[in-house]
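Q: Here is how the chains run, residue by residue.
Protein chains: 2
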Amino acid sequence: MHKRKIEVCFTPALLPLYDLKNAIVVVIDIFRATSSICFGIENGAEAIIPVGTVEECSAFEKEGYLLAAERDGKVVEGFDFGNSPFAYAEDKIKGKTIVLTTTNGTHAIDESKKTAHQVIIGSFLNLDAVCDYLKKQSKDVLLLCAGWKKKFNLEDTLFAGAVVHQLKADDYFLDDSSIAADDLYNQAKDDLVGYTAKTSHSERLKKLGIEEDIKFCLNVNITKSIPVLVKDRLVRL
Amino acid sequence: MHKRKIEVCFTPALLPLYDLKNAIVVVIDIFRATSSICFGIENGAEAIIPVGTVEECSAFEKEGYLLAAERDGKVVEGFDFGNSPFAYAEDKIKGKTIVLTTTNGTHAIDESKKTAHQVIIGSFLNLDAVCDYLKKQSKDVLLLCAGWKKKFNLEDTLFAGAVVHQLKADDYFLDDSSIAADDLYNQAKDDLVGYTAKTSHSERLKKLGIEEDIKFCLNVNITKSIPVLVKDRLVRL
Chain A
81 MHKRKIEVCF
91 TPALLPLYDL
101 KNAIVVVIDI
111 FRATSSICFG
121 IENGAEAIIP
131 VGTVEECSAF
141 EKEGYLLAAE
151 RDGKVVEGFD
161 FGNSPFAYAE
171 DKIKGKTIVL
181 TTTNGTHAID
191 ESKKTAHQVI
201 IGSFLNLDAV
211 CDYLKKQSKD
221 VLLLCAGWKK
231 KFNLEDTLFA
241 GAVVHQLKAD
251 DYFLDDSSIA
261 ADDLYNQAKD
271 DLVGYTAKTS
281 HSERLKKLGI
291 EEDIKFCLNV
301 NITKSIPVLV
311 KDRLVRL
Chain B
81 MHKRKIEVCF
91 TPALLPLYDL
101 KNAIVVVIDI
111 FRATSSICFG
121 IENGAEAIIP
131 VGTVEECSAF
141 EKEGYLLAAE
151 RDGKVVEGFD
161 FGNSPFAYAE
171 DKIKGKTIVL
181 TTTNGTHAID
191 ESKKTAHQVI
201 IGSFLNLDAV
211 CDYLKKQSKD
221 VLLLCAGWKK
231 KFNLEDTLFA
241 GAVVHQLKAD
251 DYFLDDSSIA
261 ADDLYNQAKD
271 DLVGYTAKTS
281 HSERLKKLGI
291 EEDIKFCLNV
301 NITKSIPVLV
311 KDRLVRL
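Protein sequences, first through last, are from chains A and B.
No gaps in the numbering here: position 96 of the first sequence is 176 in this note's numbering, and each next residue is one more.
No gaps in the numbering here: position 10 of the second sequence is 90 in this note's numbering, and each next residue is one more.
Any given hint might turn out to be false.
If several chains are the same, the list does not tell them apart, and a pair holds so long as it fits within one copy or across any two.
[Unchecked claim] Capping the alpha-carbon separation at 27 Å, the derived lysine-lysine pairs in DSS-like fashion look like this:
#, residue 1, residue 2
1, 142, 154
2, 176, 215
3, 230, 101
4, 176, 83
5, 101, 295
6, 85, 172
7, 311, 287
8, 269, 174
9, 286, 176
10, 248, 83
11, 278, 219
12, 174, 85
13, 85, 286
14, 83, 231
15, 216, 278
16, 83, 142
17, 295, 219
18, 174, 286
19, 193, 229
20, 194, 295
21, 101, 269
22, 231, 174
23, 193, 231
24, 154, 286
25, 216, 286
26, 231, 278
What the hints contain is simulated information worked out from the structure, not anything from laboratory work.
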């Protein structure tokens, strides 16, 4: 039997180095895009359509969809909302379709869908659901960190490490990035909020006054659904 | 006063994201290029000329230099030697000029020299010398990991972490990569040989029968010189 492998790609800029044909890609943008997407799908959003640019997002206006656009941590002027998870509560999005563009997360989805076997969305909110699903598939796993403007970031890496931590007992081959992510997660896991407080992104989000968002995104296993990309739309798996 | 920053670039593929104008770049390829370069300069090599390709290396034949070429961990056929540190002992290279091309390390040097304020070479062999030098300069620091074929690797990251570990008390700004490297080094520092044994590169080198090289490259502070790039030649600083 083919020994499955787990790899961690620390930024979308490195994605061309990976062969995704036989891989399930888990897109990770903890602060905040993929956390919000998980929360929105759990709360009954019909679909979330990730797009790369603000212009593409605007183009959906006439469809009657909710439009969400974030750049550099802020809601883009003129849009319904950005990627604060609190905007994805049940009373706001149940039964709705949302078009979303963000600084890092939606770009990562866009890049991976070109060649991956399947693209799903992960966050601490649905950690166990994602791991349980991956274990049951006979596929390689690529954990794709959205990072910050193409650079490495810690919070996405920690989540990747949390997945490696659960999967590694199942006899996967781990690359060096997976080993590193797992070891970092081991150091951080008992105090995710404290550990991530020292990251650069966390500093940046604090300045924007969205510390409550950060705390929310570090809730572990409060949702059970897995958003999966089907024909350019994220829906419940 | 400008607060200096330390950044870690995990692979040369990400180097274009960094502004190097005010930075000293430390090139890191622990297994084995930069370890061997440090050892060679310490042992009295007049200069080591890093070049990108095997062809460029061959072109120096008529100059009477020693030619060293490594690809995929092996000496390229027809060359004097590759990048095993034992080939850089005093009796072999004192007073000589060596032209060197390797799979990852020389490419990293090549990329960084284009815009950096200064390029120096680091390895566990000259760890303290590198740190002491950096602390005295009013420059930013970019720790450039050569990685493995453009991907992240653990051993280069651990050395980057070792440098961050020594410098961070001096009030540098650390990016997320530096924090991660430091935390990984903290986990590994009491048993570098044991920790790196689990890396993918170490597996690969074991198959090549060069475990003695690996152990040698994890010797800490056995040399005092710092190789610095001056007009395309690495010489003693």
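Q: Each hint: holds or not?
A: Hints, one by one, checked against the model:
In the homo-oligomer, the alpha carbons of residue 142 and residue 154 lie at most 27 Å apart inside one protomer (24 Å), although the nearest pairing across protomers, at 61 Å, exceeds that limit. In this homomeric assembly, residue 176 and residue 215 never come within 27 Å of each other (Cα to Cα): the closest approach is 31 Å inside a single copy and 56 Å across copies. With identical chains, the CA atoms of residue 230 and residue 101 are at most 27 Å apart both within one copy (23 Å) and between copies (20 Å). Taking the closest pair of Cα atoms, residue 176 and residue 83 never come within 27 Å of each other, the shortest separation being 41 Å inside a single copy and 48 Å across copies.
For the identical chains of this complex, residue 101 and residue 295 are neighbours neither inside a copy (35 Å) nor across copies (37 Å), given an alpha-carbon limit of 27 Å. Taking the closest pair of Cα atoms, residue 85 and residue 172 never come within 27 Å of each other, the shortest separation being 39 Å inside a single copy and 43 Å across copies. In this homomeric assembly, residue 311 and residue 287 never come within 27 Å of each other (Cα to Cα): the closest approach is 37 Å inside a single copy and 44 Å across copies. For a Cα distance limit of 27 Å, the shortest separation of residue 269 from residue 174 qualifies neither inside one copy, at 32 Å, nor across copies, at 51 Å.
Neither within a single protomer nor between protomers do residue 286 and residue 176 lie at most 27 Å apart by alpha-carbon distance, with minima of 30 Å and 56 Å respectively. Proximity of residue 248 to residue 83 under the C-alpha cut-off of 27 Å is restricted to the intra-copy arrangement: shortest distance 12 Å within a copy versus 41 Å between copies. For the homomeric pair residue 278 and residue 219, the shortest alpha-carbon distance between copies (23 Å) is at most 27 Å, but the shortest distance inside one copy (35 Å) is not. In this assembly of identical chains, residue 174 and residue 85 lie within 27 Å of each other by CA distance neither inside one copy nor across copies; the values are 37 Å within and 46 Å between.
Within a single copy, residue 85 and residue 286 get their C-alpha atoms only as close as 36 Å, which misses the 27 Å cut-off; across copies the closest is 20 Å, which meets it. Proximity of residue 83 to residue 231 under the C-alpha cut-off of 27 Å is restricted to the inter-copy arrangement: shortest distance 21 Å between copies versus 30 Å within a copy. In this assembly of identical chains, the alpha carbons of residue 216 and residue 278 lie at most 27 Å apart only when taken from different copies (26 Å versus 35 Å within one copy). For a Cα distance limit of 27 Å, the shortest separation of residue 83 from residue 142 qualifies neither inside one copy, at 48 Å, nor across copies, at 49 Å.
Neither within a single protomer nor between protomers do residue 295 and residue 219 lie at most 27 Å apart by alpha-carbon distance, with minima of 32 Å and 36 Å respectively. For the homomeric pair residue 174 and residue 286, neither the shortest alpha-carbon distance inside one copy (29 Å) nor that between copies (56 Å) is at most 27 Å. In this assembly of identical chains, residue 193 and residue 229 lie within 27 Å of each other by CA distance both inside one copy and across copies; the values are 19 Å within and 24 Å between. Neither within a single protomer nor between protomers do residue 194 and residue 295 lie at most 27 Å apart by alpha-carbon distance, with minima of 33 Å and 42 Å respectively.
In this homomeric assembly, residue 101 and residue 269 never come within 27 Å of each other (Cα to Cα): the closest approach is 32 Å inside a single copy and 37 Å across copies. Taking CA atoms no more than 27 Å apart as the test, residue 231 paired with residue 174 passes in neither setting, with 34 Å inside one copy and 41 Å between copies. Proximity of residue 193 and residue 231 under a CA criterion of 27 Å is satisfied in both settings, with 20 Å inside one chain copy and 21 Å between copies. Taking identical chains as interchangeable, the C-alpha atoms of residue 154 and residue 286 lie at most 27 Å apart only when both belong to the same chain, with a minimum of 12 Å there against 50 Å between chains.
Taking the shortest Cα distances, residue 216 and residue 286 never come within 27 Å of each other, neither inside one copy (39 Å) nor across copies (33 Å). In this assembly of identical chains, residue 231 and residue 278 lie within 27 Å of each other by CA distance both inside one copy and across copies; the values are 17 Å within and 25 Å between.
Comparing the model with each earlier hint shows violations of hints 2, 4, 5, 6, 7, 8, 9, 12, 16, 17, 18, 20, 21, 22, 25; every other hint is respected.
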